[in-house]
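Undergrad: In case you want the letters, here they are:
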Amino acid sequence: MNFTPSSRVLIQGITQPLGATYAPLMQAYGTQIVAGVSPGCGGTTHQGIPVFDMVEQALSVVGAVDSTVIFVQPYAALDAALEAIAAGIRQLVLITEGIPPLDMVSLLRKAEVTETLVIGPNSPGLIVPGQLLLGLHPGEFYTPGHVGLISRSGTLTYEIALELTQAGLGQSIGVCIGGDAIVGSSFPQWLQILDEDDSTEVIVLVGEIGGDSEEAAAHYIAEAIDKPVIAYVAGRTAPRGRRMGHAGAIISSQTAEPGTEVGTADSKINAFRRAKIPVADRPWQIPDLVKKTLKLPMRKG
Amino acid sequence: MNFTPSSRVLIQGITQPLGATYAPLMQAYGTQIVAGVSPGCGGTTHQGIPVFDMVEQALSVVGAVDSTVIFVQPYAALDAALEAIAAGIRQLVLITEGIPPLDMVSLLRKAEVTETLVIGPNSPGLIVPGQLLLGLHPGEFYTPGHVGLISRSGTLTYEIALELTQAGLGQSIGVCIGGDAIVGSSFPQWLQILDEDDSTEVIVLVGEIGGDSEEAAAHYIAEAIDKPVIAYVAGRTAPRGRRMGHAGAIISSQTAEPGTEVGTADSKINAFRRAKIPVADRPWQIPDLVKKTLKLPMRKG
Amino acid sequence: MDLLEYQAKELFREMGIPVLPSQRIDRPKDLKGLTIPYPVVLKSQVYIGGRGRVGGVRFVENTIDAVAAAQTIFNLPIMGEYPTVLLAEAKYDVDREFYLAVVLNRSICRPVLLGSQKGGIDVQTALEQMQHVVVDQEFSPFYARRLALKMGLQGALIESVSGMLEKMYRLFVQHDLDLVEINPLGVTATGEVMALDGKITVNDDALARHPALSALIAQSDVNQPGHLSAAPTAMEPDGQVGILCNGAGLMMATMDAVSQAGGKPAVFLNIGGETQWDASPTALRDQLERGLEQMVQTKQVRVLLINLVSGLIPCNEIAAVIAKSLLSRVRKPRSISEISPEALIAQATRFPQLVVRLVGRDRELARSRLESVQVTLIDSLNEAVTQAVKLANAATRNS
Amino acid sequence: MDLLEYQAKELFREMGIPVLPSQRIDRPKDLKGLTIPYPVVLKSQVYIGGRGRVGGVRFVENTIDAVAAAQTIFNLPIMGEYPTVLLAEAKYDVDREFYLAVVLNRSICRPVLLGSQKGGIDVQTALEQMQHVVVDQEFSPFYARRLALKMGLQGALIESVSGMLEKMYRLFVQHDLDLVEINPLGVTATGEVMALDGKITVNDDALARHPALSALIAQSDVNQPGHLSAAPTAMEPDGQVGILCNGAGLMMATMDAVSQAGGKPAVFLNIGGETQWDASPTALRDQLERGLEQMVQTKQVRVLLINLVSGLIPCNEIAAVIAKSLLSRVRKPRSISEISPEALIAQATRFPQLVVRLVGRDRELARSRLESVQVTLIDSLNEAVTQAVKLANAATRNS
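Chains as they are written, first to last, in our numbering: chain A, 1 to 301; chain B, 1 to 301; chain C, 1 to 399; chain D, 1 to 399.
No lab work stands behind these hints, which were simulated from the structure alone.
As the structure is a prediction and not an experimental result, all values here were calculated from the model.
Careful: at least some of the hints might be erroneous.
Pairwise CB distance ranges (calculated) [to be verified]:
#1 D/Q124 / B/L296: 43 to 53 angstroms
#2 D/A320 / B/Q285: 25 to 35 angstroms
#3 C/Q297 / A/V61: 52 to 62 angstroms
#4 C/K32 / D/S214: 34 to 44 angstroms
Straight-line C-alpha distance at most 25 angstroms; calculated DMTMM-like pairs for lysine to aspartate or glutamate [said to hold, decoys possible]:
#5 A/K110 / D/D136
#6 D/K199 / B/D212
#7 A/K110 / B/E112
#8 C/K32 / C/E61
#9 C/K167 / B/E56
#10 B/K292 / D/E383
So, partial list: chain C residues that the calculated Cβ filter (under 7 angstroms) puts toward chain A [unchecked claim]:
#11 D205
#12 N246
#13 A248
#14 G249
#15 A257
#16 S259
#17 E274
#18 G311
Here a beta-carbon is modelled for each residue, glycine too, at the ideal position from N, C-alpha and C.
Make a model of the complete structure from these sequences and hints.
TA: Here it is as structure tokens:
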């Protein structure tokens, strides 16, 4: 794991709409973007960033990189990720939404044997406030501090980061594991990382309906996490079987995911409560719960 | 590597024609056949050998095995081999001829990451005279001794083993890497094994036209092998571009295997000669060359 | 997205999975051209399960009975859903019924093979005996045999059932499916197997790379549950609040908060997060514009809560889109410039009351832009929700 | 086994690899029904390369010229091979010609992508500039881009050429091929790419699991070089020795020894080693029986050297098959039992002189069995070869 200002970062899909927009924003935030990749655009530059046709070609010129942020089209994402792994990159941030799940299965099989960390897909990536931005997080919502923020959504995470910042609670990291059904890194993985991270004092976990990530996280927190955790779950009122936007935020039928009621907001909230984890009912209650946990003075209300 | 009388051996495809014939022959030679596998035949026995539906099921009953000998139909061989690897077996002998080469490519990718030894396909397997038979070698042609015999063919290997036995030269091992274009274990691999094997004093390498196994072996012997090696190459008179029976024994066109004249008997014989390896012109000259190398008395002739 | 039984069986047939001779029936009179010999089973083609228990499956012996039965089935809603197609299928005598499925399991990020010796309509019994095998590495047929053994099968059934699973898996991978289910798999006394009913769930995200599958689906109603739609999703029939957000998590959190505050969401619309590869300020503006138009056209919406949190596009650009939308609904007199903004808004045709909360860059510019069209920019989500519910309650009282 | 150009292009078309409009011509008059506008290229469909240099490819401007050109091409052997089909194809203006291939490399046990910016008929130049990329792990399109870059391509050509290679690779894997080659790949001034000529080598061992491919091949002559045949293979036109062995290595070693001893092999036949999954003593006996029959029917064979080394079947069973074969060729009088074996053999119709060498179990039983039909069992390969050559030389002197 290397998420510091010294991290050297590659952008795959730097000439795609989203990549072209965010590469300079990441750079402006202080992230060392050493090269971009876009087949057919080798030899050009984008806002001063040299662009190459392939990852391995970029690395042969600019040297090794720590992470790559992938902005390519959904059906090209598996190939881009495998290309990065083949070139030796072991931290991948998959921004792109809409990658077919079976492509993710193939990628994750490969990631496991190569010990590659895959963040996302359908994720705004990761921010270490004041230090490093790998993805879309709006830097102005964040401020350095000691709250580790992990989530499954983009804009809701920004919302909560802003609530924390406005309440005077800075963040050690903001990371989104992704809104799709099949994602790389998991809540337990990040809980473990933040539990060991010196700058994190409290963890805010922002979950949502669908799947059993929150149930697994609750279980893992009870078993293995020493630092305090505050949870929030979105989707109490979401209609069953409807896709809310995230491919992952859907309560599936019984057969597809045996274990009956897993996936509902109630199941997740109950899992957190059973693990004695405070659950915020509304997003704006999170800062107060954090302060209570850290025994900080409450804001007047 | 464990090729001793204590090796525990599984037979996959024990109810197929070839497997049904050879399993008892191997057992009669002293090989510890602990179980057979044949889907749909679980619960039966074949000549006293318990038969199971799956490899993992067999292993759960009879315990771990060292090697499996695979006799299944060509299009079922990749699956059988992957099943064995998944069950933890790391020495595979593929007897079956006619396995599609791209199935072998898939298998060998898997074998490499799991460090699995694959002998064959299209191979009579391996014999350690007087100790162990994993495959088809007719035990009566062999006698224990110090000549390591490695080859690409079946019946020609038996022929040469018999010539050696009749000349009073016993064998430490007889192994055939297989007659197909794509095979698992290679000549260099076996040369290294026999170079380190205490019971082997001299190595007889029986090559044939097609591919560059012999050229690679000649190179490897010059570089890395201390023990004396005698070579023979079959196919000096084989017509170009004709399949001789072995899928591998064909001299291919230039484009398919760049490197122009590689694959002909001349290319192979010249490679051995350049590496100062004595080459027998006829199979029956091999025993004399072995004796000469070992400074043993020659037979009268 | 789910396929109907007859569509699933078309794919089964292509893959060599045995299915009975069958014929699609679009209207009762189609039965006069039936080429399958009687007796025949008529099956309602609906997305909902459990049709058998409520009369959606009928055996018929001749054409007269068949036409009558078809009329009945066409007029029989299954959990509220009317079939637009029936499937006429040959009858088959089975000894036993198994359950088989291949499904993508999101918890472990792997496909899983499922099987039970107790298939058929009693799902609970099937579940109790359900066996599963995780396809952790590249699939190979031994995974299917592993399931067959776990199911307790013996002899020739091991190969016939695992052969079936192998084809189901190939179908699953070739078409990027979320689910392939055969229930029941009919097993005859002689050990022959037959897919008697089938369910396939297509993955929405992968559909665009499967033109043949898209064409198959285009034949049927795409307005089924679970389908990702660009149209607003209806909630409470008596709700008055429309909610428009960007991003699924934010959407759900906002809707939850409205409900918790006592409001009743009427419809919601997620105009999309910012992780589409082709997302851009222009694209987001377009989506917002279309979304506003759709919400405004939804009569039930008396109060429209707009909650947008964006790092991609400055708030003032969003405000400009909202203002433009508001102004476009005004009945246009000859010259707009002659009329004061207040008068314009007053004349707006059936425009819901707006509660706008924006977060991002250039919020103060946005505030002024919105004030120019009589809309107050609200700072916090809490306030915005409170305000929306208050307005909705007032509207209810006034109606 | 190789496909003809028109067959390869059928597969290209199915995979979405761009090819020109073309039409198969079985006889010159087919050109009257040509649907491709002139000018048109007529190409001899032969397995041998280099047809262009010897007049096997002709441009024609109208039907009269086309029919005449077709007649010429049908009567023009390419390295001794006459075409049975021509391909009429649209003309295409290209700026450059590339070489692309996907081939299975046996040394490294992996598929390899090959490419050169210098394609076309000058194979040597293509080879000098040839770039290759090993597909060491599961294929992904980046392997194709890697080759495009190694070839020195830039800009849009990287994607168009790597897209082509991706499709070639999918074809390669889907049909279990040994080789997919496009040479030349035409590249227009605007950067469009087109497969102008194509070669596909099918893998014999995998063919049985590709019924569509088998059907495609069944249309053409399967008696092409490289095809594994059950019939004896011809060697020297003036040879007299037929060689029958079991196993490829033994076959080659025996034939080499015959040549080295001054003999001339006429034909050889390998009845197969013992690694076929369904090999059994019965199967081997049947193959031997058929093989003997074929060899005996080959007029050129004056001496038949049989060298069989078997662990599967005892020598006496082999001897029984040989004896039976020998006896079956005898002109049958009313009752065989009345005649002595010697008399029978003397009457054998055109049966070559037999030199039989067998190794395996029960050799002494085999020896007696063969002696009963006047055949001596020889013990060593050396002796058998010497004996066969001696008899052949004697036969030559006597003829």
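Undergrad: Each hint should be assessed against the structure and marked as holding or not.
TA: Hints, verified against the model:
1. For D/Q124 and B/L296, the hinted distance range of 43 to 53 angstroms is satisfied, since their beta carbons lie about 51 angstroms from each other.
2. Checked against the given bound of 25 to 35 angstroms, the beta carbons of D/A320 and B/Q285, roughly 33 angstroms apart, stay inside it.
3. Between C/Q297 and A/V61 the Cβ separation comes to about 54 angstroms, which falls inside the hinted range of 52 to 62 angstroms.
4. Between C/K32 and D/S214 the beta carbon distance is about 41 angstroms. The supplied range of 34 to 44 angstroms therefore holds.
5. Our distance criterion of 25 angstroms between C-alpha atoms is met by A/K110 and D/D136, whose separation comes to about 14 angstroms.
6. A hinted pair counts as satisfied when its Cα atoms are at most 25 angstroms apart, and D/K199 with B/D212 qualifies at roughly 24 angstroms.
7. Pair hint A/K110 plus B/E112 holds up; C-alpha atoms about 15 angstroms apart against a cutoff of 25 angstroms.
8. Simply put, C/K32 and C/E61 have alpha-carbon atoms about 13 angstroms apart, close enough for the 25 angstroms limit, and the pair holds.
9. Proximity of C/K167 to B/E56 is assessed by CA-CA distance (about 23 angstroms); at most 25 angstroms being required, the pair is judged to hold.
10. For a cut-off of 25 angstroms, the pair hint linking B/K292 to D/E383 stands: about 23 angstroms separates their Cα positions.
11. Interface hint status for C/D205: upheld, as the beta-carbon distance to the closest one in chain A is roughly 4 angstroms, under 7 angstroms.
12. A distance limit of 7 angstroms between C-beta atoms decides the matter here; for C/N246 the minimum to chain A is near 6 angstroms, and the interface restraint holds.
13. With its C-beta approaching chain A no nearer than about 3 angstroms, C/A248 sits inside the 7 angstroms limit, and its interface hint holds.
14. Annotation: interface hint on C/G249 holds; nearest CB of chain A at approximately 2 angstroms, less than 7 angstroms.
15. Interface hint status for C/A257: upheld, as the beta-carbon distance to the closest one in chain A is roughly 5 angstroms, under 7 angstroms.
16. A least Cβ separation of about 5 angstroms between C/S259 and chain A falls short of the 7 angstroms threshold, and the interface hint therefore holds.
17. Look at C/E274: its Cβ gets to within about 6 angstroms of chain A, closer than 7 angstroms, so that hint holds up.
18. Interface restraint check: C/G311 against chain A, minimum CB-CB distance 3 angstroms, threshold 7 angstroms, status holds.
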